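So the sequences go chain by chain: C and E.
The first sequence begins at 1 in our numbering and counts up one residue at a time.
The second sequence begins at 501 in our numbering and counts up one residue at a time.
Watch out, some of these pointers could steer you wrong.
Unchecked claim - Covered by chain E, per the in silico footprint, the following chain C stretches (three or more residues, Cβ under 8 Å):
| id | region |
| --- | --- |
| 1 | 88-96 |
| 2 | 430-437 |
| 3 | 454-462 |
As the list claims (entries may be wrong) - Each pair of labels, with its calculated beta carbon distance range:
| id | chain 1 | residue 1 | chain 2 | residue 2 | range |
| --- | --- | --- | --- | --- | --- |
| 4 | E | E534 | C | A487 | 57 to 63 Å |
| 5 | E | C614 | C | P343 | 41 to 47 Å |
| 6 | E | E536 | C | A450 | 17 to 23 Å |
| 7 | C | I53 | E | G599 | 34 to 40 Å |
It is worth saying that the hints were derived from the structure and are not from the lab.
Predicted model only: the values in this text are computed from it and were never measured.
Using N, Cα and C, we set each Cβ at its ideal position, and we do this for glycine too.
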Amino acid sequence: MGLFDKFFKEPSWGVHPDDHKRPAADVPLRILPPPAKVYMPLQQHVGGAARPIVLVGQKVLKGQLLAEASGNISAPIHAPVSGTVSAIGEITAPHASGLGFTAITIANDFADRWIESTPVADPFALTPEEITKLTAAAGIVGLGGATFPAAAKFALGRRLKVDTLIVNGGECEPYLSADDRIMRDRADQVVDGVRIVMRAIGATQALVGIEDNKPEAIAAMRVAAEPFPEVKIRPVPTRYPMGSDRQLIITLTGREVPADARAAEVGVLVHNVSTCAAVHQAVRFGRPLVERIVTINGGAVKNPGNIFAPIGTLVSELLDFCGLKEEPARIILGGPMMGTPLPHGLVPLVKGASGILALDAQEAHIPEAGPCIRCGNCTRACPMGLLPVEMGAHIRAGDLDGAAKFMLGDCMSCGCCAYVCPSHIPLVQYFNHAKGELWAKERGKLRNEATKRLVEARAVRLEREAKEKAEAAARRKAERAAAKAKAAAEAPAQTEGETA
Amino acid sequence: MLTAVGSLTMMGVALGGLLGVASRYLAVEGNPIEGEIKDLLPGSQCGQCGYVGCAQAAAALAKGEAPVTLCPPGGRALAQQLAAKLGIKADLSAMSDSGPQLAHVAEEICIGCCKCIKVCPTDAILGAAKQIHNVIREACTGCGACVDRCPTEAMTMMPMPITLQHWIWPKPMVSVAAVAA
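Can you build the whole structure from these sequences, using the hints too?
The structure is reproduced here in structure tokens:
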């Protein structure tokens, strides 16, 4: 952050796209009528896929554990409706590839029976470890889109002695207003969640960063946070990608997170406002994460707005609920800048999905890419201070290692460079392609090392088996010899006895 | 003239002696590039390259006797790495790369004879006598040694399935306008 930025509030990085948030953000929250079937994927988070613990045909209650976490970084999955497990199998993933993944299908019995839970009267009497445990058991992950298990982050914050909790209410992606809505409608829940998270990580203050294009949310949060001086509401300039953790941290605290470090290493931890509200539900009422607010927006939607829906609902059902003006030219999960294009609407809503956009032909139009004119706009826009022009040129020429030397690894695929490019070069797709290829190469190396270990283990095993075999043979031989000797010793005695 | 011959001889003897000492005390055992190449190879000693094991293949590569495309389990990716290591340009166009492969057991044909288990270099096959065998995907290197040993042709090689974790964004198509520039 340069001297210029210290005196003039406007950051030098990023872009400012038309936000398209209204009128969807101003429509009151609607509740989706319960769907007949929900599809709960086992992998809705960063880390290991959850392990199913229910059987097909089993009756489950709303909030009942369907699959347990596996490994240190993982999250359990709970039933979003009460009903019967009708299948455990493959469905299309909300992913650009259109590949499948495993999900548990539940047929809704429309009884809406919750599993019994034990509410906690005073969560501030709990130890940080107990709060972490409750959060982990509720399957809470980062709801801003990163889907990192929240409990794992709490433990990290405690270990690295974090002093400040940054609450991300930036919501810088155009079209989206789910976080805006939760701050307007459930500000007291968010603030309570923030205080519980502070207790869990041992932070002494919480800074809630909200972009200044959400005045209603700022006002509601100010009222809710009034009795708690440690929770400070801090409006931040509207600038994409303000909702990215590194950008929000530097704007609110002036601390810069080094390229190879995590936020906790500079003493801060970032949690999304929706995640904090989910923590409130989990710790106060023992309710697992089974529902969320999702923005339905885009040119093809008749009644855009925010919907409170069970996780696992099909995207097509959500779109039908809001009505479609026309067949959408493209469906996107998440925001238009970093979201995932969906192959079709028959994919489930996942924990990290903050929005579903049905774009019309005009919005989805991709202009033909032209040659790079080396204007440098992308360099100015890049919030990480990288050189997208150089990285893109290297990747186009097939020199991925050359691109990596320009710190491709620091790129977060925010899309600012592609947004400002006057030649419409799909820079982010180049970067994503290169990151994938480089990661595949790295994985190949790891696989090679694992193979070597296996070969060595086999050699050791063969040697051990040969040794054991030889020992067993020697033992048998010795036993036979001993038996023979014994027989020989007994035989003369017998013959003697017979003769006597 | 004698001074010239004498001084040159002296220099020759002294420098020659120095070289002799250096070659004895500063000698490098083997070819160091051999070890580096051996580290690149899969190390499963499957023998598909025609050499006894990976160490022998590495030695041949270091001497330039073998082409960088010799290792079928390593595929095109390994050939590229080897070419970069040896500083040569390899013609990979002829190399048919079916991508990484995995062994697969057709469960209805497998008779549970355990023959494949014995030849697997990474112990990637699970099974017991008269039990259907199965391949542990994480451990299989795709060397194909088991395919030849299977008496019922239950063992086949299949391309490694693409999962969400393995999928890679395609490289954007370069338009005609961009090429012209």
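Hint by hint, here is what the structure shows:
Figure legend: the region 88-96 of chain C, annotated as covered by chain E; annotation consistent (3 residues with Cβ-Cβ distances under 8 Å, at least 3 required). Chain E is given as covering the region 430-437 of chain C, and this holds because 5 residues of the stretch bring a CB closer than 8 Å to a CB of that chain, at least three being needed. For the region 454-462 of chain C, the proposed coverage by chain E is satisfied: 5 residues have a C-beta within less than 8 Å of a C-beta in that chain, meeting the threshold of three. About 60 Å separates the C-beta atoms of E534(E) and A487(C), a value consistent with the hinted range of 57 to 63 Å.
Distance hint for C614(E) and P343(C): a CB-CB separation of about 43 Å, consistent with the stated range 41 to 47 Å. A beta carbon spacing of about 19 Å between E536(E) and A450(C) agrees with the range 17 to 23 Å that was offered as a hint. At roughly 35 Å, the beta-carbon separation of I53(C) and G599(E) lies within the given 34 to 40 Å, and the hint holds.
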